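Given the coordinates of chain U, work out where chain P should sit on it, guided by the hints.
Chains as they are written, first to last, in the working numbering: chain U, 1 to 291; chain P, 292 to 725.
If you are wondering where the hints come from, they were derived from the structure by calculation, not from laboratory data. The structure displayed is predicted, hence computed values, not measured ones. Mixed in with the good hints there might be a few duds.
[Stated by the list, open to error] Pair by pair, the computed Cβ-Cβ distance ranges are:
| id | chain 1 | residue 1 | chain 2 | residue 2 | range |
| --- | --- | --- | --- | --- | --- |
| 1 | U | I5 | P | E519 | 25 to 33 Å |
| 2 | P | G377 | U | L267 | 55 to 63 Å |
| 3 | U | L114 | P | D668 | 44 to 52 Å |
| 4 | P | S408 | U | V13 | 44 to 52 Å |
| 5 | U | L278 | P | S404 | 33 to 41 Å |
Note that the Cβ used here is the ideal one computed from N, Cα and C, for glycine as well.
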Amino acid sequence: MIPLILGATVDGVMIGLAFGLVAAGLGLIWGVMDIVNFAHGEHMLIAMYVTLLASAELSVSPLLLLPVNAVLMFVVGYGTYVLIIKRTMDGPVMGQVLCTFGLLLVIRYGIIYLVGPSTRTVSDFAFDGSTVAYGVAVSHPAVLTAIVSVVTITLLYLLLERTAIGKAIRATAQDKQAAQALGIETDRIYAVSWGIGLAATGVAGTMIATYFPIQPSATPGVWTIASFAAVALGGLGSIAGAVIGGIVIGLVQNLGATLIDPSYQQLYVYVVLIGALLYQREGILNWVTDR
Amino acid sequence: MTEESADGRAVSRRGVLKFTGAATAFSLAGCQGGSAGSGNTLTIGALHPLSGDAAEMGSRFQDVVGAGVQAVNQGSDLSPLAGAEGEGIQGQDGATVEVLWRDHQGDSDVARSEAESLVLDEGADMLTGCFYSGSTKSVSQVAEREGVPHVCGTAIGEGLTERGLDWFWQVPPHTGIKGESMFNFASDMNAEYDAGLERVAIIHQDGTFGTEVANSMVGVIENSDEFEQAPDTISYNASSVSSLSSQIGAIRDAGADIIVHAANVRDALIMLEDMRTEEYYPEMMLTPGSAYLDPSVLEESVSEHVFSGSDFSNDMYNIHPPMGEYNSHAEENSGTPFDGSNIYAWGEFFTAIAAADQADSLDPGDLQSSLNSLSLDPYVAGLPYGVEFDDKGYNTEAFSFVVQADDGELETVWPFDQAQDDAMTYPVPDWSAR
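Isolated chain U (complex conformation):
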């Protein structure tokens, strides 16, 4: 039983870090602008398909595509805000919700139109394979994804905490009018926030594609739902909270499946989520720091 628990813990932390990276991008946009990007998983799908096609057609290593996808998705995010979201900012919240939902459909069916609906995987990744140690099996691409997640989250944290643009983002998130009074161009900050949020998604999508089957209809939902839960659990606008939320989700679903009954894996996550929200609405991190 101990190797099973150990394996579930390791798997939970690794998948949780991936959830956390995806959730960090969602949480950034959500926290700064109070907009839920329902197309978050579909945005990740763009990076996944770039990875899939570039590795299959051009034999480019997914690792080399990390910066490419980060920049590409930054541009997509920046452009999405300037061309679409900005125009809904003064309208009702429902308009923004419908707008991101419309984006979800456009991206999903656009990809299906361009590359078809079938399930595909990245093959011949140089780091394919797994290692078994102390009865615990770890997939090399999953470990690599966890490492990239930690590095990216750290960079994201430093960007927000240590740079001028990061301070401007945090100021805008706290009080838009006050930030404007201090000379911050909040519109540009919003666009940059979308860019950074989706760049994180681009990095996550690139790595997740190396070991996760991709299907345009089914894949985005898995990651969007998990990242919603991670953000709700970890607290809005908190990078660290989103990551901790992601890890908690990964651990709960894996340990719950191992210790209780594997048929109710998703149930455990949402029981914990509901409990956490009832007990501590501001998220886990605030609960921890309040102690």
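Leaving out everything else, chain P in the frame of chain U:
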């Protein structure tokens, strides 16, 4: 005798009768036209998933059925295939066939409304489909209400013909029959190869398909003295699953010899990839087909050596030469060869054609009588087995053989007398030895 209308014009009683009679005749003619399609054309309403997870499979259905339509309407030398001889359906004075495709998106409510539209607006003579058992149930209820035959060749749920319907016929082997074939194979493996297969793990996606398969397999195991379940049945949500490692851990911990997995394509790949990561493989991975027969799964190396219950294999043409000719026709005319999924759509279409060919007319009642009395030899309905329905509408001739994935293709391994020499790889090598 006349009566005064409100504006003072006289309306004769004879005039009223003439108008009423004409209106009645017109409406009756309209009703007749609506229910019987367009005279010398057999209109089949085909409801399948053409978008969503199964869209690519739906597209392959369209391809091979399109080739089938061509064989019927233009004639072919695909004897003994129903409707292939001569141009059009000979039993209906050369009536042509047209297939109206509708996408139910895997949604039972959409399936119901599309079926109503096909019958009431388009005048479909027959309905076919719908791959998913849930959608099939919705459509068959519409067919029952409207009195239109529903020929189902693509859904394998065991309970589909247990609903007391008069307008529903199921062509392929249902999950119970598949389960019996699969475990007869496992039993024969114990007898012939001393395989020691005993403990069976059942894991399934929690949709209608997966649940029905699991229930059927549990039933087969419970009635067996040779096999036992270990661990208890495991289910998961296919749309939200990101890993099956914990489930695999539970199966390994229970010491299962056989894993029966009912899955969609994405979770089938997650299962196999996670098994590879865990460096775990049971004595036998034995699936009820579906996702594991999909070309996108077969092209992945992790699917190598998986056993599945199937109506199709790439080497079946050696034992069933007419199937090879049908496959050549489908590939030449649509670019799509047969596979483990689209062969069901092919059989579904030609069962409908055979029924129409033998019916007195294309009226629903005649088509119903024809389906009830159908007795087709193997290959006539485009399948390696015959078609003859019992009182409930289930094809008593349907059977399933067992295939094994080998280098992206499916090879028959059971019944042993239908397998090619050296077709089977057993014991299945460890991951490290592949």
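Just pull the numbers of the violated hints for me, sorted ascending. The structure breaks none of the hints.
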